[in-house]
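Q: The chain contents come next:
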Amino acid sequence: MEIPEQIKKKLTLPAEEHFYAGHTACQGCGASLGLRYVLKAYGRKTIFAIPACCSTIIAGAWPYNTLGANLFHTAFETTGAVLGGIEAALKARGIKVKGEDGVMVVGWAGDGGTADIGLQALSGFLERGHDAVYIMYDNEAYMNTGIQRSGSTPYGAWTTNTPGGKRHFLEKRHKKKVIDIVIAHQIPYAATASVAYPEDFIRKLKTAQKTPGPSFIQLFAPCPTGWRSPTDKSIEIARLAVQTAYFPLFEYKDGKYRINMPNPKKEPKPIEEFLKYQGRFKYMTKEDIQILQEWVNREWERLKKLAEVFG
Amino acid sequence: MEYKPIRKVVSGNYAAAYAVKHARVQVVAAYPITPQTSIIEKIAEFIANGEVENLQYVPVESEHSAMAATIGASATGARAFTATSAQGLALMHEMLHWASGARLPIVMVDVNRAMAPPWSVWDDQTDSLAQRDTGWMQFYAENNQEVYDGVLMAFKIAETVNVPAMVVESAFILSHTYDVVEMIPQELVDEFLPLRKPLYDLADFEREPFSVGALATPADYYEFRYKLAKAHEEAKEVIRKVGQEFGERFGRDYSQMIETYRTEDADFVFMGMGSLMGTVKQAVDLLREEGYKVGAAKVRWFRPFPKEELYELARNVDGIAVLDRNYSFGMEGILFTEAKGALYNTDAKPLMKNYIVGLGGRDFTVNDVRKIAENMKAIIEKGELDVEVEWYHLKR
Numbered sequence: 001m002e003i004p005e006q007i008k009k010k011l012t013l014p015a016e017e018h019f020y021a022g023h024t025a026c027q028g029c030g031a032s033l034g035l036r037y038v039l040k041a042y043g044r045k046t047i048f049a050i051p052a053c054c055s056t057i058i059a060g061a062w063p064y065n066t067l068g069a070n071l072f073h074t075a076f077e078t079t080g081a082v083l084g085g086i087e088a089a090l091k092a093r094g095i096k097v098k099g100e101d102g103v104m105v106v107g108w109a110g111d112g113g114t115a116d117i118g119l120q121a122l123s124g125f126l127e128r129g130h131d132a133v134y135i136m137y138d139n140e141a142y143m144n145t146g147i148q149r150s151g152s153t154p155y156g157a158w159t160t161n162t163p164g165g166k167r168h169f170l171e172k173r174h175k176k177k178v179i180d181i182v183i184a185h186q187i188p189y190a191a192t193a194s195v196a197y198p199e200d201f202i203r204k205l206k207t208a209q210k211t212p213g214p215s216f217i218q219l220f221a222p223c224p225t226g227w228r229s230p231t232d233k234s235i236e237i238a239r240l241a242v243q244t245a246y247f248p249l250f251e252y253k254d255g256k257y258r259i260n261m262p263n264p265k266k267e268p269k270p271i272e273e274f275l276k277y278q279g280r281f282k283y284m285t286k287e288d289i290q291i292l293q294e295w296v297n298r299e300w301e302r303l304k305k306l307a308e309v310f311g
Numbered sequence: 001m002e003y004k005p006i007r008k009v010v011s012g013n014y015a016a017a018y019a020v021k022h023a024r025v026q027v028v029a030a031y032p033i034t035p036q037t038s039i040i041e042k043i044a045e046f047i048a049n050g051e052v053e054n055l056q057y058v059p060v061e062s063e064h065s066a067m068a069a070t071i072g073a074s075a076t077g078a079r080a081f082t083a084t085s086a087q088g089l090a091l092m093h094e095m096l097h098w099a100s101g102a103r104l105p106i107v108m109v110d111v112n113r114a115m116a117p118p119w120s121v122w123d124d125q126t127d128s129l130a131q132r133d134t135g136w137m138q139f140y141a142e143n144n145q146e147v148y149d150g151v152l153m154a155f156k157i158a159e160t161v162n163v164p165a166m167v168v169e170s171a172f173i174l175s176h177t178y179d180v181v182e183m184i185p186q187e188l189v190d191e192f193l194p195l196r197k198p199l200y201d202l203a204d205f206e207r208e209p210f211s212v213g214a215l216a217t218p219a220d221y222y223e224f225r226y227k228l229a230k231a232h233e234e235a236k237e238v239i240r241k242v243g244q245e246f247g248e249r250f251g252r253d254y255s256q257m258i259e260t261y262r263t264e265d266a267d268f269v270f271m272g273m274g275s276l277m278g279t280v281k282q283a284v285d286l287l288r289e290e291g292y293k294v295g296a297a298k299v300r301w302f303r304p305f306p307k308e309e310l311y312e313l314a315r316n317v318d319g320i321a322v323l324d325r326n327y328s329f330g331m332e333g334i335l336f337t338e339a340k341g342a343l344y345n346t347d348a349k350p351l352m353k354n355y356i357v358g359l360g361g362r363d364f365t366v367n368d369v370r371k372i373a374e375n376m377k378a379i380i381e382k383g384e385l386d387v388e389v390e391w392y393h394l395k396r
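Protein chains in written order, with the working numbering: chain Y, 1 to 311; chain P, 1 to 396.
Below, simulated SDA-like cross-link-like pairs (lysine to any residue); rule was C-alpha separation at most 25 angstroms, straight line:
| id | chain 1 | residue 1 | chain 2 | residue 2 |
| --- | --- | --- | --- | --- |
| 1 | Y | LYS210 | P | GLU206 |
| 2 | P | LYS197 | Y | GLY94 |
| 3 | Y | LYS40 | P | GLY213 |
| 4 | Y | LYS91 | P | PRO194 |
| 5 | P | LYS293 | P | LYS382 |
| 6 | Y | LYS45 | P | PRO198 |
| 7 | Y | LYS45 | P | LEU215 |
| 8 | Y | LYS40 | P | ALA214 |
| 9 | Y | LYS91 | P | PRO198 |
| 10 | Y | LYS91 | P | ARG24 |
| 11 | P | LYS293 | P | ILE356 |
| 12 | Y | LYS96 | P | ALA203 |
| 13 | Y | LYS210 | P | ALA203 |
| 14 | Y | LYS91 | P | GLY213 |
| 15 | Y | LYS40 | P | GLU208 |
| 16 | Y | LYS96 | P | GLU206 |
| 17 | Y | LYS45 | P | ARG207 |
| 18 | Y | LYS96 | P | PRO198 |
| 19 | P | LYS377 | P | GLN282 |
| 20 | Y | LYS210 | P | PRO209 |
| 21 | Y | LYS91 | P | ASP204 |
| 22 | Y | LYS96 | P | ARG24 |
| 23 | Y | LYS91 | P | GLU61 |
| 24 | Y | LYS96 | P | ALA48 |
| 25 | Y | LYS91 | P | LEU195 |
| 26 | Y | LYS91 | P | GLU45 |
| 27 | Y | LYS96 | P | ARG207 |
| 28 | P | LYS307 | P | SER255 |
| 29 | P | LYS42 | P | GLU182 |
| 30 | Y | LYS45 | P | ALA102 |
| 31 | P | LYS241 | P | PRO185 |
| 32 | Y | LYS91 | P | ALA203 |
| 33 | Y | LYS40 | P | ALA203 |
| 34 | Y | LYS45 | P | ALA203 |
| 35 | Y | LYS177 | P | SER62 |
| 36 | Y | LYS91 | P | GLU206 |
| 37 | Y | LYS91 | P | ASN49 |
| 38 | Y | LYS45 | P | TYR200 |
| 39 | Y | LYS91 | P | PRO32 |
| 40 | Y | LYS96 | P | PRO209 |
Simulated from the structure, these hints should not be mistaken for laboratory data.
The shape of chain Y in the complex, shown without the other chains (with noise of 0.2 angstroms):
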């Protein structure tokens, strides 16, 4: 569809669309509309390389491919170093690797495949300086083999292997800092993103694109068929989740932290407001929100501090 140039102007966002018609993902997806704005972002000259995840599917089975990019799916704990073999191929041939007219070499997995079981190739891939961008999309749980936690699901969240039930048993570890062990690697960039700011995340796609060397993004992407939330509310869930800094948005660019909340001035939301469309955090007692809210106050508190010393 053509889009008429008075709108094109008005647009935040490039107004190219490479992820295509019947892509198989569940209503409210979002790590689908993260695809989106990866493709919007950089558009035909992308090799993605994708795990075993939510997104092999959401791409098609053969022969088909919903991404308006070349693909290659690989296994589950591969990303970080299938991508250093696409960029060590690429550069092997004379091929330009990132940049406004370089080829993209982008990872593209969930949580599971790089909290826990792409760890590993995570850290490498980060180590060794590839050029190329791995993102983590973030849905806090093993969606695509039938929600199970993952390294990165919250504390209290039921999940079919930490459920909750007549025993109250529940998920007792805090959310693993992902992008502090990938800060850690000392690269270039790293960013956390929502898919509820969609301008912040492309925004951070292009800065990813210009900095050489490996950059990561943390994606946060709703999941209402895991999260036990509806449908229509999948921003709204994101939205709140920066809002009560439960994800606080920010970025490391060569040392410096910068926080890019919407509203900086704005206190924190409480916790509440975040867990209150999501089933899965129905069974927390009072008490158990307590444990999580103080946890949302320590590391904002902490990354305050990063952005005031480390600015």
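Model the placement of chain P on the given structure of chain Y, informed by the hints.
A: Chain P alone, transformed into the frame defined by chain Y:
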């Protein structure tokens, strides 16, 4: 250009590294493991000294990632190589399926080493044979020359049929033992092995966006497997042709997938793979002097398995002593199972006995071959086996 070989005294591992250099490999992703390490060290040295152009070396954090990175590189159109051994190969196992399933002509050297526990760094074929069903071709080198030649041929064969290939050499017996290797001048290697033409290329942005390795439903998966099976069948012809071409160009003929040695009038033959067959050939010469009518049959390519050549061999002998430097628990030596199975529906029914030899690097000598010959002679005269599988070296 007339072929004048360049003679170098090198280890098996260095022979592999030189072959990688001469094949103009573009990406090497590898992880260190004994006794493979000196292959990748030598390659790194070539880069450090500016002896190779356009070779990207990716020092990955595990063998699993080594194969994954090699796969990424190969899918992006590069000629890609890695090397490993034993536990490292086992760690790669999952990705070996990925390479063959995605039809990527990767070449890998596996330095045959025993699996732990107990820890062992010495020769044993169980590591590579455990990868039998991954869809990789497997070439077993007898000596350093065959390591060098094997890598060059493997690239050509793999890139013709789009199936990955493993070149296998023995731990220490070849990997760290120096021998004269005749190397081929670069220009002639280039003629023999031109630039790779990939089946697909992730860096091709002219065609419609495409995906590789996607989910295939039961409606399609079956055909993918069939195509890979067909490619292995076609590979046999390609292997023979490339082996013949290699012989015509460079004087060493590899057109036989099973190399036969003095088998024409043999009563029985020793069959096996890899470095132990050098010992066997030497023993055959001595045994011939002693009046034994024996020969050797060296299985060069274990996958695809040369059924036809085995049949030709088996129909003309009374017995085959299958020497396995490996063992499949709950069964017998792996080559023995394969060879027996391949002959079952034929009229060739020699007496076949399995000798398990040299596991974990135990020496296998000419004298051992003589003892096996005595035993084989006795059972052939009697017309029946004493035991089907004998653990030859066992301390009792």
